[in-house]
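Take 11 as the starting number for the sequence shown in this note's numbering and just add one per residue.
There may be inaccurate statements among the hints.
[What the hints assert, rightly or not] Distance windows between CB atoms, simulated:
{"no.": "1", "residue 1": "Cys402", "residue 2": "Trp434", "range": "19 to 25 Å"}
{"no.": "2", "residue 1": "Gly423", "residue 2": "Thr189", "range": "37 to 43 Å"}
{"no.": "3", "residue 1": "Gly302", "residue 2": "Leu419", "range": "18 to 24 Å"}
{"no.": "4", "residue 1": "Ala295", "residue 2": "Gly439", "range": "33 to 39 Å"}
{"no.": "5", "residue 1": "Gly466", "residue 2": "Phe488", "range": "23 to 29 Å"}
{"no.": "6", "residue 1": "Gly62", "residue 2": "Thr202", "range": "39 to 45 Å"}
No lab work stands behind these hints: they were computed from the structure.
Glycine residues also receive a C-beta, built at the ideal position from the N, C-alpha and C atoms.
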Amino acid sequence: MDNLVLVGLTNVISFTNIALILGGTLLGLFVGAMPGLSATMALALLLPLTFGMDPASGLSMLASLYVGASYGGSIAAILLRTPGTPSAAATVLDGYPLSQQGQAGKALGISIFASFIGGLMSGIALLTAAPLLGVLVLKFGPIELFAIAVLGITIIGSLAQGSVISGLLSGALGLLVSTVGMDLITGTPRMTYGIINLFSGIEFTVALIGLFSIPQALILIENAHGKQKVASKITDRLIPPLAELRRLLPNIFRSGGIGIITGLIPGTGGDTASWFAYNEAKRFAKDKSRFGKGDIAGVAAPEAANNAVVGGALIPTIALGIPGSSSTAILLGALMVQGILPGPNLLTDYGDVTYTLIWAVIFANIGLLVVGLLFTRLCVSVTRIPDSFVACSIITLCVIGAFAINNSLFEVGLMLGFGLFGYWMNKAGVSPAPMVIGLILGPVMETSFQQSMLIGQGNLGIFLTSPIAVVLLCIAAFSVLQATPFFRWLRSSLRSRTQAE
């Protein structure tokens, strides 16, 4: 295991990969600073660029883009009062008042250092946790893999926006789409309707680009007629005084821990961690009245938390093959492009690639500190780009990316179809993230189920013979039941009875 850690480090510190990390971080800053865009969209859009790269280079670029966008959202939040990404929503409360007071540089500087420390904490936690989990996953076979896939679908579905039914429906649609093409065991064509292009299945990247990128472009076009906001100018220095940083360290460390723990829970994300950290910072503050009026602690807490989520979300992604967020789902997609299927075997069979990703996250946070201090002032100009221009650029890149997969216009049409469907899902209040998880976990679930049935000679009782599978399936069942109206009614009744007593 120690040898794999060194192999991953060696892969990352090459000149090419360091350059890609710095470039990916800078690109992430620009994407995060554009209101209306997200890290998930940027990752989906740039995934085709990794086709010709070796796994180390592709993962290094995507990981740094993810880290850079997590901080970049604070630029628009502080300067425009508009979160560049959903995870920067809590930063608006104190970041924008600071910019109105002529302290935009101070707010952005604290945001950079808090993001760096929080992200570095999560990277170290990921590096520490991975070897420990690697020993555990050696006990996993087809029966346990099927239970993990079921758990991933139910947890992501039940924690998605809206009702549990809509989340599970979205996940089930992803599972259904993943079955298009040749059966993985028997080779029988399914739902191909005689279309030769569907015999190899629906390309994961095509669906990903369509579901995440096209809807955001259409929403930007819808809102393009609105008045363009003017960003505040940065007139003060970015690098904060050492004494102020030292005073904020307990708050930053606490928020980083909150981000790591929140990231461990599949389905949650930077927005959840940010609000949690902000509330805790306010609870621990001596003067709570300053929050919402320009307290620098109200900027440090959410920024440390949302960057710490990156490493936290990658722990279940790497250890179990369950994406901790929609962004980590795309990182799994990058592995699939390289022919690596997600699952617990990532740490054992593909340890060199996995540790490359872990080290890329750590180095990306170091790159964030350097690139953030050098280019944050330049990123201000990005906030002034008209939404209509950004939307047209996104659609153009989507078409190019979809065509580049197989040099086929069929994939372009399929991508646009998924885009329109994703737009409808957004309008209907159904999250597309569980559908993407279904697309990823579908092949794993199907193959492991068929293998388990062969082992058990067609007896479903085979899943009760493994203690690990039983525990995982029970957790999956509970995650669905606890989100049903009956359990919500039961919890509220018990709470009311306790308060009455």
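Now for the hints, and whether the structure bears them out:
1. Cys402 / Trp434: 19 to 25 Å: holds, 21 Å
2. Gly423 / Thr189: 37 to 43 Å: Violated, since Gly423 and Thr189 (Cβ atoms, about 20 Å apart) do not stay within the stated range.
3. Gly302 / Leu419: 18 to 24 Å: violated, 52 Å
4. Ala295 / Gly439: 33 to 39 Å: holds, 35 Å
5. Gly466 / Phe488: 23 to 29 Å: Taking Cβ atoms as reference, Gly466 and Phe488 lie about 24 Å apart, which means the hint holds.
6. Gly62 / Thr202: 39 to 45 Å: violated, 28 Å
In this structure, the hints that do not hold are numbers 2, 3 and 6, in rising order.
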